[in-house]
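Colleague: Same order as they appear, the protein sequences are chains A and B. Everything in the first sequence is counted per the working numbering, starting at 6 for the first residue and increasing by one. Everything in the second sequence is counted per the working numbering, starting at 3 for the first residue and increasing by one.
Bear in mind the hints are in silico, worked out from the structure with no lab data behind them. Cβ atoms here follow ideal geometry from the backbone N, Cα and C, with glycine treated the same way. Be aware that one or more of the hints could be misleading.
Stated by the list, open to error - Which stretches of chain B does chain A cover? Using the computed rule of at least three CB atoms under 8 Å from a CB of chain A, they are:
{"hint": "1", "segment": "64-70"}
{"hint": "2", "segment": "82-88"}
{"hint": "3", "segment": "101-109"}
{"hint": "4", "segment": "147-157"}
{"hint": "5", "segment": "173-181"}
As the list claims (entries may be wrong) - Simulated pairs of lysine-lysine, BS3-like, Cα-Cα distance not exceeding 27 Å:
{"hint": "6", "chain 1": "A", "residue 1": "46", "chain 2": "B", "residue 2": "129"}
{"hint": "7", "chain 1": "B", "residue 1": "125", "chain 2": "B", "residue 2": "107"}
{"hint": "8", "chain 1": "B", "residue 1": "129", "chain 2": "A", "residue 2": "267"}
{"hint": "9", "chain 1": "B", "residue 1": "5", "chain 2": "A", "residue 2": "267"}
{"hint": "10", "chain 1": "A", "residue 1": "46", "chain 2": "B", "residue 2": "125"}
{"hint": "11", "chain 1": "A", "residue 1": "267", "chain 2": "A", "residue 2": "46"}
{"hint": "12", "chain 1": "B", "residue 1": "230", "chain 2": "B", "residue 2": "266"}
{"hint": "13", "chain 1": "B", "residue 1": "107", "chain 2": "A", "residue 2": "46"}
{"hint": "14", "chain 1": "B", "residue 1": "129", "chain 2": "B", "residue 2": "107"}
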Amino acid sequence: MSHALDLTAPGGAHAADDNRDRRPSFGRLVGVELRKMADTKAGLWLLAVVAIVTVAVNGGVLIWGNRDDLGFSELLAMSGVPQSFLLPVLAILLVTQEWGQRTGLATFTLTPHRGRIVAAKLVAALGFVVGALVIAVAIAAVLTPLTGHGWDGVTVAWLGRVFLAIFLGALQGFAFGALLLSTAFAIVAYFAVPMVVSIVAQVWTSGTEKLQWIDFGTAKGILYDTAAPTGDQWGHLATATLLWVVVPFVAGIWRIQRTEVK
Amino acid sequence: MIKVENLTRTYGDFVAVRDVSFVARAGRVTGFLGPNGAGKSTTMRVMVGLTAPTSGTVTLDGRRYADLPNPGRRVGVLLDASAQHGGRTGREVLVIAAQTMGLPKERVDEVLAMVSLTPAEAKRRVKNYSLGMKQRLGIAHALLGDPEILILDEPANGLDPAGIRWMRGLLRDYADRGGTVLLSSHLLTEVQLIADDIVMIGRGEIVAQGTASELVAGAGTYVRAVEKEELARVAAEEGIALTPVGDGFRGDAEAVAIGRLAAKHQITLIELRPADGGLEDLFLELTADTQRETFTEGVMA
Numbered sequence: 006m007s008h009a010l011d012l013t014a015p016g017g018a019h020a021a022d023d024n025r026d027r028r029p030s031f032g033r034l035v036g037v038e039l040r041k042m043a044d045t046k047a048g049l050w051l052l053a054v055v056a057i058v059t060v061a062v063n064g065g066v067l068i069w070g071n072r073d074d075l076g077f078s079e080l081l082a083m084s085g086v087p088q089s090f091l092l093p094v095l096a097i098l099l100v101t102q103e104w105g106q107r108t109g110l111a112t113f114t115l116t117p118h119r120g121r122i123v124a125a126k127l128v129a130a131l132g133f134v135v136g137a138l139v140i141a142v143a144i145a146a147v148l149t150p151l152t153g154h155g156w157d158g159v160t161v162a163w164l165g166r167v168f169l170a171i172f173l174g175a176l177q178g179f180a181f182g183a184l185l186l187s188t189a190f191a192i193v194a195y196f197a198v199p200m201v202v203s204i205v206a207q208v209w210t211s212g213t214e215k216l217q218w219i220d221f222g223t224a225k226g227i228l229y230d231t232a233a234p235t236g237d238q239w240g241h242l243a244t245a246t247l248l249w250v251v252v253p254f255v256a257g258i259w260r261i262q263r264t265e266v267k
Numbered sequence: 003m004i005k006v007e008n009l010t011r012t013y014g015d016f017v018a019v020r021d022v023s024f025v026a027r028a029g030r031v032t033g034f035l036g037p038n039g040a041g042k043s044t045t046m047r048v049m050v051g052l053t054a055p056t057s058g059t060v061t062l063d064g065r066r067y068a069d070l071p072n073p074g075r076r077v078g079v080l081l082d083a084s085a086q087h088g089g090r091t092g093r094e095v096l097v098i099a100a101q102t103m104g105l106p107k108e109r110v111d112e113v114l115a116m117v118s119l120t121p122a123e124a125k126r127r128v129k130n131y132s133l134g135m136k137q138r139l140g141i142a143h144a145l146l147g148d149p150e151i152l153i154l155d156e157p158a159n160g161l162d163p164a165g166i167r168w169m170r171g172l173l174r175d176y177a178d179r180g181g182t183v184l185l186s187s188h189l190l191t192e193v194q195l196i197a198d199d200i201v202m203i204g205r206g207e208i209v210a211q212g213t214a215s216e217l218v219a220g221a222g223t224y225v226r227a228v229e230k231e232e233l234a235r236v237a238a239e240e241g242i243a244l245t246p247v248g249d250g251f252r253g254d255a256e257a258v259a260i261g262r263l264a265a266k267h268q269i270t271l272i273e274l275r276p277a278d279g280g281l282e283d284l285f286l287e288l289t290a291d292t293q294r295e296t297f298t299e300g301v302m303a
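Sequences are here, hints too, so could you generate the full structure?
Modeller: See below:
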């Protein structure tokens, strides 16, 4: 630059501590994505609702339910119900707000590699899932001494399966968001798809056997069971995940890479 | 320096931008001028990688945008001031950009001061901003990384007259310090007041480019006479084309030639000067056949 030595020239003021051509680290991008979820009223409320509802569900069950029939695993599975609704919505918003609110113009000009942004968002979504699960585990752990079943059936492998169930749900939301790039469409699709599958299952009774392989809701539900799923059940989960998570995710990435940001 | 080479972008059969080439130089303000829908925004989106070109290339100080490791520190971009999350505060919009670029938070306060957004205004949510405030925020966003190149799409939109004057001063100063400024506008007067170089685009194609003074110089001579019909008749005989403009004519000859002609035929001139409807006439003329509406000659007055 001919004006590099001129301290008043644009770009000159920071010449001394020059990190101007340093690529923002991946961790930095993840940090920005986490912040972008919490810095709007809507996002902050969604995060608050995840925490509040988790507490409320546990408290409610303990007050009105039969404590003798409860234990850590029942409490955690109870938290999984609202979380499996709310965390996918959060994951959807992480992706779609760049299009709906058109912040993508800024995001993708500051980081002109869309794959990096999608990866950072995915890690951020994972971070929120872990955070929500930590809250759920903490609440369940505090309340467990008050229950009849206590720590029955609780293993690290089972905790892993619960985490997997919630994470797969969030991933599905993320994938639908990436594919549809519209908050409304993605949320509707996310909630409508399992309903359609269960309606088909009720009507097409002879097809129950076959539908197991694509019924993502049921396949995920089994993960909350303290008993380990059978090989067939893992198979159902794998095929349903392929159909409802992997396929829309790959198609969504393809779309995000190619689409114009306006 | 921004270098656009043979840029074409098509959407199916529709050609949004056709074989566009131009250069925006360092130390100069380049006005990218054209009617709405002419392809300005498409060209600018291609520059910063938001839209893929069908063919052609854009380089910024010799590098493709996607090859800039931290583009915000090299190129400041404002494409649409309204494209911000309404639920964020103005300050927060800048903070997340600063965080992405690895800039200290103090830089946010610096640029806020630069665009005259008060701390109280910066704390408000963007959805409560006027268009003018959003535009200032967008300019702050572009200036944040202290880049050498600014790419601004219609930056004057929504600014009040004082704001427009402020922006002109800011960009003038920026170019004078060696920066490259490319700004688009569909308003000639705006570009005329600030740009050193002008690139005009109509229906996706470059229709004229050059320095502002060159383009004005090509506008011919304005002449007014008492004996209008007589002047038109003798000019036609001499092969000088006169186009009615307002009360007089614009001739594609130098003032001295028209003056001599008038003297020879004892025509009383009441005005004779280089045409200064200037860029406006030129703009309408150059874009008339590429414009959506059809212009009659009278409109050029």
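Colleague: Take the hints in turn and mark each one as holding or not.
Modeller: Right, here's what the structure says about each hint:
With 3 residues bearing a CB less than 8 Å from a CB of chain A, the segment 64-70 of chain B meets the requirement of three and the coverage assertion stands. Residues of the segment 82-88 of chain B with a Cβ under 8 Å from some Cβ of chain A number 6, which satisfies the need for three, so the listed coverage holds. A stretch counts as covered by a chain when three or more of its residues have a beta carbon under 8 Å from one of that chain; for the segment 101-109 of chain B and chain A the count is 4, and the coverage holds. For the segment 147-157 of chain B, the stated coverage by chain A holds: 4 residues have a C-beta nearer than 8 Å to a C-beta of that chain, and at least 3 were required.
Look at the segment 173-181 of chain B against chain A: 4 of its residues bring a Cβ nearer than 8 Å to a Cβ of that chain, three or more, so the hint holds. With a C-alpha separation of about 12 Å, the suggested pairing of residue 46 (chain A) with residue 129 (chain B) holds against the 27 Å cut-off. Distance restraint check for residue 125 (chain B) and residue 107 (chain B): the Cα-Cα separation of roughly 15 Å lies within the 27 Å cut-off, and the hinted pair is therefore satisfied. At roughly 19 Å between alpha-carbon atoms, residue 129 (chain B) and residue 267 (chain A) fall within 27 Å of each other, so this suggested pair holds.
Annotation: proposed proximity of residue 5 (chain B) to residue 267 (chain A) holds, straight-line Cα distance about 22 Å (limit 27 Å). About 14 Å separates the Cα atoms of residue 46 (chain A) and residue 125 (chain B), which keeps this hinted pair within 27 Å; it holds. Taken as a hint, the residue 267 (chain A) and residue 46 (chain A) pair is honoured in the structure, with Cα atoms around 24 Å apart against an allowance of 27 Å. Between residue 230 (chain B) and residue 266 (chain B) the CA atoms are separated by roughly 15 Å; this keeps the pair inside 27 Å, and the hint holds.
At roughly 22 Å between alpha-carbon atoms, residue 107 (chain B) and residue 46 (chain A) fall within 27 Å of each other, so this suggested pair holds. Distance check on the hinted pair: residue 129 (chain B) and residue 107 (chain B) sit about 23 Å apart at the alpha-carbon level, within 27 Å; holds.
In terms of the numbered hints stated before, the structure departs from none.
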